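Chemist: The lines below spell out each chain.
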Amino acid sequence: MVVVSTESVPIKSEPDVVTVRRCVREVSAQLGLSLVDQTKIITAASELARNTIIYGGGGTMQVERLNGPRTGLRLTFEDHGPGIPDVELALRDGFTTGSGLGLGLGGSKRLVNEFDIVSRPGQGTRITITRWK
Amino acid sequence: MEKIPILKMGEFLLVTIQVDMHDRLAMALQDDLTATISQTDARGVLIDISTLEIVDSFIGRMLSNIAAMSRVLDAETVVVGMQPAVAITLVELGLSLPGVRTALNVDAGMELLRTSVNANKEMYGSRFH
Amino acid sequence: MTETQVNQRSGRLASIVGQHREKILAEWIAEMSGSTRRTDLMKEVDLRAECTRFLQLMERAAETDGANFQASSFDAVRDMLSDVSRSRTQKGFRPSETATFVFSLKRPLFNEIQSQHKGDAEAMGAEIWWLNELLDSMGLYTMEVYQKMREEIIRRQQEELLELSTPVVKLWEGILALPIIGTLDSARTQVVMESLLQAIVQTNSRVAIIDITGVPTVDTVVAQHLLKTVTAARLMGADCIISGVRPQIAQTIVHLGINLLDVTTKSTLAAAFSLALQRLGITFVRESAKS
Numbered sequence: 000m001v002v003v004s005t006e007s008v009p010i011k012s013e014p015d016v017v018t019v020r021r022c023v024r025e026v027s028a029q030l031g032l033s034l035v036d037q038t039k040i041i042t043a044a045s046e047l048a049r050n051t052i053i054y055g056g057g058g059t060m061q062v063e064r065l066n067g068p069r070t071g072l073r074l075t076f077e078d079h080g081p082g083i084p085d086v087e088l089a090l091r092d093g094f095t096t097g098s099g100l101g102l103g104l105g106g107s108k109r110l111v112n113e114f115d116i117v118s119r120p121g122q123g124t125r126i127t128i129t130r131w132k
Numbered sequence: 000m001e002k003i004p005i006l007k008m009g010e011f012l013l014v015t016i017q018v019d020m021h022d023r024l025a026m027a028l029q030d031d032l033t034a035t036i037s038q039t040d041a042r043g044v045l046i047d048i049s050t051l052e053i054v055d056s057f058i059g060r061m062l063s064n065i066a067a068m069s070r071v072l073d074a075e076t077v078v079v080g081m082q083p084a085v086a087i088t089l090v091e092l093g094l095s096l097p098g099v100r101t102a103l104n105v106d107a108g109m110e111l112l113r114t115s116v117n118a119n120k121e122m123y124g125s126r127f128h
Numbered sequence: 000m001t002e003t004q005v006n007q008r009s010g011r012l013a014s015i016v017g018q019h020r021e022k023i024l025a026e027w028i029a030e031m032s033g034s035t036r037r038t039d040l041m042k043e044v045d046l047r048a049e050c051t052r053f054l055q056l057m058e059r060a061a062e063t064d065g066a067n068f069q070a071s072s073f074d075a076v077r078d079m080l081s082d083v084s085r086s087r088t089q090k091g092f093r094p095s096e097t098a099t100f101v102f103s104l105k106r107p108l109f110n111e112i113q114s115q116h117k118g119d120a121e122a123m124g125a126e127i128w129w130l131n132e133l134l135d136s137m138g139l140y141t142m143e144v145y146q147k148m149r150e151e152i153i154r155r156q157q158e159e160l161l162e163l164s165t166p167v168v169k170l171w172e173g174i175l176a177l178p179i180i181g182t183l184d185s186a187r188t189q190v191v192m193e194s195l196l197q198a199i200v201q202t203n204s205r206v207a208i209i210d211i212t213g214v215p216t217v218d219t220v221v222a223q224h225l226l227k228t229v230t231a232a233r234l235m236g237a238d239c240i241i242s243g244v245r246p247q248i249a250q251t252i253v254h255l256g257i258n259l260l261d262v263t264t265k266s267t268l269a270a271a272f273s274l275a276l277q278r279l280g281i282t283f284v285r286e287s288a289k290s
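Residue numbers (numbering that gives the first Met the number 0), protein chains in the order written: chain A, 0 to 132; chain B, 0 to 128; chain C, 0 to 290.
Because the hints were derived from the structure by calculation, they are not lab data. Hints may contain errors.
[Stated by the list, open to error] One-sided excerpt, in silico: chain A residues whose CB lies under 10 Å from chain B: (1) Glu13; (2) Pro14; (3) Asp15; (4) Arg20; (5) Arg24; (6) Leu34; (7) Asp36; (8) Gln37; (9) Ile41; (10) Thr42; (11) Ala43; (12) Arg49; (13) Gly106; (14) Ser107; (15) Leu110.
[What the hints assert, rightly or not] Simulated crosslink set (DSBU-like; lysine-lysine; CA at most 35 Å straight-line): (16) Lys108/A x Lys132/A; (17) Lys265/C x Lys169/C; (18) Lys147/C x Lys108/A; (19) Lys108/A x Lys2/B; (20) Lys227/C x Lys147/C; (21) Lys265/C x Lys120/B; (22) Lys117/C x Lys22/C; (23) Lys227/C x Lys108/A; (24) Lys132/A x Lys90/C; (25) Lys22/C x Lys90/C; (26) Lys120/B x Lys2/B; (27) Lys132/A x Lys227/C; (28) Lys147/C x Lys132/A; (29) Lys42/C x Lys90/C; (30) Lys105/C x Lys42/C; (31) Lys132/A x Lys169/C; (32) Lys169/C x Lys227/C; (33) Lys117/C x Lys105/C; (34) Lys11/A x Lys2/B; (35) Lys105/C x Lys147/C; (36) Lys105/C x Lys22/C; (37) Lys11/A x Lys108/A.
Since the structure is predicted, the reported quantities are computational estimates derived from the model, not experimental observations. Backbone N, C-alpha and C fix where the C-beta goes; we use that ideal spot for every residue, glycine too.
Just need the whole structure built from these sequences, with the hints factored in.
Modeler: Here you go:
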């Protein structure tokens, strides 16, 4: 796996969610992902970015373009918030701590090819998602 | 902050969402619509999302909320023009937007609104005798 | 590899290529004039230009990072190898012939090293070895690129095949039919959903009939895939009717406790079509016979 380039986007407040969407759209379009695949990864990024703000108290998104042998896009959302005590539960659909439908992680997981989450109470959360071309 | 314009067409309201909305703008639209429905006594709301390329759970929730709140104010809501990629993504996310009626385009949406409003009129009689 | 080793190799490779470029170039092209030269596919002047450019890039990369093919300083070299591999495959070269582009560079470089290390077998051996490793990586890289190209072609053909096997048919103004033949797995469902939804938009159809007569088994997984398609169409403003539900399938659905929600199902396409016309408010009137 060759990481062709990396960029970092700060996620501090809710207007940043729009920045995240725009950035992911640009990169995924450049990589030549299909329209449906682009829509899926941008939407997943939007969900996770919002989570970073609401539950993580802000953080960053790292964007990595992957090339050779497969072309793809890898996004890493990281925060130093309270962390998720029960990751299994969070991945199950319908789970919610705050208000709203709480469809978060399970849904986002279905939109991408690879989904990795590391979270420890008191240490923060890091979620990495990958979409291949 | 920009606002999304709400057009009045007879007894219906028409909203066209063209920009990539940030959350606060979406909340503002929700509030604006409910206020306008009240003020104008509108019977239906048509939301055109044919140029909206991303609908995530927040926007989805907004659409469901608008439909629910309008109903309380005795107005029907129809969302039109959802793009195929958006529909596929919403289904994958697990969002089916219950309570939100949909149509292919503005024409079909208006027809839907008119028939349902007329149906209501027949059932419950006109509002003003 | 230590820092000093890297620096030594940087210096060595760059100087070998830099100082004897013309000689190496000539020997390299001569090496390739064996069976794999393919003069029928590539002109001498083009090959010469390609080789010259490659040597230039290699020299530049070696100046910084010696012999580390994975380093970013070798990006331009990798890119060129990728282009070489792709263009030659398109021209009709076999992958081994493309790899020979790199491997035939070995002898000229080894000859140069040999003449410089006259007598010192150990030093010569060590140098030939790491240079050998570098050129092997390059040759293998051209093979990888070729492999990737083949995979892309296969994938595209698979997609086209999937699309062809799920045609969307317009039955009437506003009514589409989608006969599915064969199993419905998740990959196929994606293709089915995309073609159906595109067709709905393009034809402005309010009703889509999904016929599953040709689907051998319907279990919970298949039912889920069908439901996804129906839900997506509904979100766009089109209704779906599932037709071709054989009695056995109806039994299976009830048996498995599959909940088709409020999706209308019919046993035949004809019945589904009739219902669709009804929903659109269309009736057919028989012309009275001329007396």
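Chemist: If a hint holds in the structure, say so; if it doesn't, say that too.
Modeler: These are the hints, each one checked on the structure:
1. Glu13: At 5 Å from the nearest chain B Cβ, Glu13/A passes the 10 Å test, so the hint holds.
2. Pro14: With a closest approach of 5 Å, the Pro14/A hint holds.
3. Asp15: 9 Å, holds
4. Arg20: 6 Å, holds
5. Arg24: The hint holds - Arg24/A has a Cβ within 10 Å of chain B, the shortest such distance being about 8 Å.
6. Leu34: 5 Å, holds
7. Asp36: Holds: closest Cβ of chain B sits about 9 Å from Asp36/A, inside 10 Å.
8. Gln37: 8 Å, holds
9. Ile41: With a closest approach of 5 Å, the Ile41/A hint holds.
10. Thr42: At about 5 Å, which falls below the 10 Å cut-off, the nearest Cβ of chain B leaves the hint on Thr42/A intact, so it holds.
11. Ala43: OK, holds: Ala43/A within 10 Å of chain B, min 9 Å.
12. Arg49: This interface hint holds because 7 Å falls under the 10 Å limit.
13. Gly106: 4 Å, holds
14. Ser107: 8 Å, holds
15. Leu110: Holds: closest Cβ of chain B sits about 5 Å from Leu110/A, inside 10 Å.
16. Lys108/A x Lys132/A: 17 Å, holds
17. Lys265/C x Lys169/C: 19 Å, holds
18. Lys147/C x Lys108/A: 27 Å, holds
19. Lys108/A x Lys2/B: Judged against 35 Å, a Cα distance of about 33 Å means the pair holds.
20. Lys227/C x Lys147/C: 32 Å, holds
21. Lys265/C x Lys120/B: 33 Å, holds
22. Lys117/C x Lys22/C: The hint holds at about 18 Å.
23. Lys227/C x Lys108/A: 16 Å, holds
24. Lys132/A x Lys90/C: 26 Å, holds
25. Lys22/C x Lys90/C: 28 Å, holds
26. Lys120/B x Lys2/B: 33 Å, holds
27. Lys132/A x Lys227/C: 22 Å, holds
28. Lys147/C x Lys132/A: Distance of about 12 Å is within 35 Å: holds.
29. Lys42/C x Lys90/C: Holds - the C-alpha atoms of Lys90/C and Lys42/C are around 12 Å apart, at most 35 Å.
30. Lys105/C x Lys42/C: With a Cα-Cα distance of about 22 Å, the restraint between Lys105/C and Lys42/C holds, given a limit of 35 Å.
31. Lys132/A x Lys169/C: Since the Cα atoms of Lys132/A and Lys169/C sit roughly 31 Å apart, the hinted pair holds (cutoff 35 Å).
32. Lys169/C x Lys227/C: 21 Å, holds
33. Lys117/C x Lys105/C: Answer holds: Lys117/C to Lys105/C is near 18 Å, not above 35 Å.
34. Lys11/A x Lys2/B: Judged against 35 Å, a Cα distance of about 23 Å means the pair holds.
35. Lys105/C x Lys147/C: 25 Å, holds
36. Lys105/C x Lys22/C: Measuring from Cα to Cα gives roughly 13 Å; hence the hint holds.
37. Lys11/A x Lys108/A: Since the Cα atoms of Lys11/A and Lys108/A sit roughly 23 Å apart, the hinted pair holds (cutoff 35 Å).
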